[in-house]
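J.: Please build the complete structure, drawing on both the sequences and the hints.
In order, the protein sequences belong to chains G and W. Residues 1 to 663 in our numbering are what the first sequence spells out, letter by letter. Residues 1 to 127 in our numbering are what the second sequence spells out, letter by letter.
These aren't lab readings, by the way, just hints derived from the structure by calculation. Since this is a predicted model, take the numbers as computed values, not measurements. Take the hints with a grain of salt, since some may be wrong.
Pairwise CB distance ranges, derived in the manner of DEER restraints [claimed, not checked]:
id, chain 1, residue 1, chain 2, residue 2, range
1, W, Leu18, G, His455, 29 to 35 Å
2, W, Thr12, G, Thr13, 44 to 50 Å
3, W, Leu18, G, Cys590, 47 to 53 Å
4, W, Asn16, G, Thr517, 41 to 47 Å
5, G, Thr517, W, Gly14, 20 to 26 Å
6, W, Ile101, G, Asn518, 30 to 36 Å
7, W, Pro31, G, Lys295, 47 to 53 Å
8, W, Ile101, G, Asp469, 30 to 36 Å
9, G, Thr13, W, Gly14, 41 to 47 Å
10, W, Thr120, G, Asn482, 43 to 49 Å
11, W, Cys67, G, Asn482, 51 to 57 Å
Take a look, some chain W residues computed to stay more than 12 Å from chain G by CB distance [said to hold, decoys possible]:
id, residue
12, Lys3
13, Gln5
14, Thr12
15, Met21
16, Ser27
17, Asp51
18, Pro54
19, Glu72
20, Arg73
21, Pro102
22, Ile105
23, Leu109
24, Leu113
Ideal Cβ placement from N, Cα and C applies to all residues, glycine included.
The residues making up each chain are set out below.
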Amino acid sequence: MQRIGVFVCHCGTNIAATVDVKAVAEALGHEAGVVISQDYQYMCSESGQDLVKNAIKEHNLTGVVVCSCSPRMHENTFRKAAASAGLNPYLVEIANIREQCSWIHKDIASATDKAIVLGKAAVAKVHLNAPLTAGESPVVKRALVIGGGIAGIQTALDIAEAGFEVDIVEKEPTIGGKMAQIDKTFPTLDCAACILTPKMVEAAQNEKITIHSFSEVADVKGFVGNFTVTIKKKARFVDETKCTGCGLCTEKCPMKKVPNEFNMGLDNRTAVYIPFAQAVPKVATIDPNYCLMLKNGKCGVCSKVCTAGAIDYKQTDKMIEQKYGAIVVATGFNPIKPDKYDEFAYSYCPDVVTSLELERLMNAAGPNGGTLLRPSDKTHPHTIVFVQCVGSRCDDEKGKPYCSKICCMYTAKHAMLIREKYPDTEVYVFYIDVRTPGKNFDEFYRRAVEQYNVHYIKGMVGKVTPKADGKIDVQASDLLANEQLHINADMVVLATAIEPDKTARPLATMLTTQMDTNDFFTEAHPKLRPVESATAGIFLSGACQGPKDIPETVAQASAAAAKAIGLLCKNSITCNPCVAHSDELMCNGCSACEKVCPYGAITYQDKEFRMPDRSTAIRRVASVNPAVCQGCGACTVACPSGAMDLNGFSNSQIMAEVDAICK
Amino acid sequence: MNKNQKNWIDITSGVNVLKCMRCGKCSATCPSYDEMEYHPHQFVYMVEKGDIEPLLNSKSLYKCLTCFACVERCPRGVEPAKVVEAVRLTAVRQQGNNHLIPDMIPDMLDDDLPQQAIVTAFRKYTK
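T.: Following this line, the structure appears as structure tokens:
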């Protein structure tokens, strides 16, 4: 015979103002099996929990129902209380009479009726609860960081600092990411390379860190604490272990007309190349799309000049497999290409550039050696117009609905640097809003206006027209003056929206993590779990989770590292016992559950069964890996034969709840 | 503020003026800007406030070319030209007069005038 205790919480006035809690406690006290039914002002407080604990001991309870807030809030609290009083924690059920009742209703009578019904359903369910024991699974003491930008580098350094092995997988030939392309950083104007490259070197020299550059994640299997990842090391046609990075091959390569992606295509590189002088690893890579030897079989100059004998035209992609306990995603962002906006003339006027292109034009290692020149005729620009929010805050299919967050600040930086270096240049910034929330950010923007006399104009550019004399007519509105302006400019700089890297979506599928409609990774909780994904063991670092500047990226990278370290420190992890299991005798091997499982927890195996006629037969049956299963229940719905069931949420329990509600 | 008038313009234009983020790109792109007393962004903002009377009495209504450049380039999909059109229709209906009668047409015709323009003009200026 069940002995169930019911505890109804007032939650101050949160519940008690709309629900007659005493009536709920009274009504539920008459339910079958209920031996005690009480109400209390704050059930989650220490004295409230004591009420539950004492009742468990005093009445020798076999089940507990707490009518309170959402189980997301305090289920764990009451499970712990029950466990400390000697009751299996999975014999506790929560009836949510706050979020799903008192908060959404106004009428006391109907809210009270509903609270009673929800309570009855929980009582009906707890009758069928079985004690569950959480299992344990070991943790592989090694982490994988996907992406080698500043986010990935910082995360890897922090995890290595804690003493764990870390691998960085970077799809480009060098780590460094977007920050390596940036000239100066706001709001301190320190040189990006000066603060980034020491970190790149530190990562390369750290014996706990392995960098797989020019590599991609090809496959992910497994679960928290025990992932198996296949990494594709793309053929770079150079033996990494032999190449010394002397650069002789890049000097001698006859194929010199390859658009240089590091300089945003503003100049050319050779077919065999090292992206930039401080690249890590400093190893050459041959671009098979342009290499004459790989394309036509004629040339071989690099192989002849290489004293280390590192060139290997026969190299192929290599797959390596490695086990990891934790995975950190740091895939970063890209600026969008503004070629869909015909009004800005980007696709046909070389003097209309994006902000990242301007970074390269102003960088000492850039195409002009740091002198700002117009790409079209290499003359010094005297009037420069900056256009904000190009593709950001857009409600159409051309742009992105969000604020890209970093553009206001980098535009103020560009404007200031140009005015500093070329005081004869007039700089106009067309803005919709100037958004500068950040330490020393607004002061920085004000400096651009007050000290450097950058012309900030509230309004948007409507049309950019290249003229025959090489100048550019910029037609814009000045909303405060209520005027339409025409500026005779030499250059136009577009602050384009940023978007997640294209590799993020296929990666999210492999990792079974969630993304939002903009392809940013979704965090487990927007406020309280910002660096964890909803999938256990997968953490998020940097702009892959949302637009971020460098200080925020580094902070989040370290936070993600801390979470990963917390996981790697454990020898084993407690699993959620509310997982699916399959009744092998009922399973017909149809694979329906395997197809719907978002976590890859279900596999099929051939098993020998003793048949009624005493013969043996081999049948294909499903089995659930309890360490991978997250208890979502999709399989139990998909299963046509009723073989799949979920611990703690069994089909019979759900039906009992429904019956109680419909009675 | 005339609520009925505002509701009528909201309905006939089909535009949600609250989507406007006040960037001014419509006015930045408008080829008739200098001809207009009230500019496209002001149409949107004044309709939002319900300040419609000055618009109804302004010649700006008839300076809009309905070229749809503002509609094409608005980052928020607000469609200012449709707001102007709705105010124009309100004015035409209020006055009860036809601004264009068929007898006026022959004098206006020239070889370059597309027939579409005449049809459009009737739609805009005739009750």
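J.: It remains to establish, for every hint, whether it holds in the given structure.
T.: Okay, the hints, checked on the actual structure:
Against the hinted window of 29 to 35 Å, the Cβ-Cβ separation of leucine 18(W) and histidine 455(G) comes to about 30 Å, which satisfies the hint. Checked against the given bound of 44 to 50 Å, the beta carbons of threonine 12(W) and threonine 13(G), roughly 47 Å apart, stay inside it. Taking the beta carbon of each, leucine 18(W) and cysteine 590(G) are about 51 Å apart, inside 47 to 53 Å as hinted. With their beta carbons about 20 Å apart, asparagine 16(W) and threonine 517(G) fall outside the hinted range of 41 to 47 Å.
Separation of threonine 517(G) from glycine 14(W) is about 25 Å and conforms to the stated range, judged on CB atoms against 20 to 26 Å. In this structure the hint that isoleucine 101(W) and asparagine 518(G) lie 30 to 36 Å apart at CB is violated, the actual value being about 54 Å. Look at proline 31(W) against lysine 295(G): about 50 Å separates their beta carbons, and that is inside 47 to 53 Å. In this structure the hint that isoleucine 101(W) and aspartate 469(G) lie 30 to 36 Å apart at CB is violated, the actual value being about 48 Å.
At about 44 Å, the beta-carbon gap between threonine 13(G) and glycine 14(W) stays in the expected band of 41 to 47 Å. In this structure the supplied range 43 to 49 Å is violated for threonine 120(W) paired with asparagine 482(G), their Cβ-Cβ distance being about 29 Å. A C-beta distance of roughly 21 Å is found between cysteine 67(W) and asparagine 482(G), which places it outside the suggested range of 51 to 57 Å. Non-interface status of lysine 3(W) relative to chain G is upheld: no Cβ of that chain comes within 12 Å, the nearest being about 26 Å off.
With 12 Å as the threshold on Cβ separation, the claim that glutamine 5(W) sits away from chain G holds: the shortest Cβ distance comes to roughly 24 Å. Even its closest Cβ contact with chain G, about 21 Å, leaves threonine 12(W) beyond 12 Å, as expected for a residue assigned away from the interface. The claim that methionine 21(W) lies off the interface is violated: its Cβ sits roughly 6 Å from the closest Cβ of chain G, which falls inside the 12 Å cut-off. Listed as outside the interface, serine 27(W) is inconsistent with that label: its C-beta sits roughly 4 Å from the nearest C-beta of chain G, within the 12 Å cut-off.
A cut-off of 12 Å between C-beta atoms confirms that aspartate 51(W) is not in contact with chain G; the least separation is 15 Å. The Cβ of proline 54(W) lies farther than 12 Å from every Cβ of chain G, with a closest approach of about 14 Å, so its non-interface assignment holds. Not every Cβ of chain G is farther than 12 Å from the Cβ of glutamate 72(W); the closest lies at roughly 8 Å, contradicting the non-interface assignment. Distance to chain G contradicts arginine 73(W) as a non-interface residue, since its nearest Cβ pair spans about 6 Å, not more than 12 Å.
For proline 102(W), the requirement that its beta carbon stay farther than 12 Å from each beta carbon of chain G is met, with the minimum near 36 Å. With a closest Cβ-Cβ approach of about 33 Å to chain G, isoleucine 105(W) is found to remain outside the 12 Å limit, as its non-interface label requires. Non-interface call for leucine 109(W) relative to chain G: holds, since the shortest CB-CB distance, roughly 32 Å, exceeds 12 Å. Every Cβ of chain G is farther than 12 Å from the Cβ of leucine 113(W); the closest lies at roughly 27 Å, confirming the non-interface assignment.
Of the numbered hints given earlier, the model fails hints 4, 6, 8, 10, 11, 15, 16, 19, 20; all others are met.
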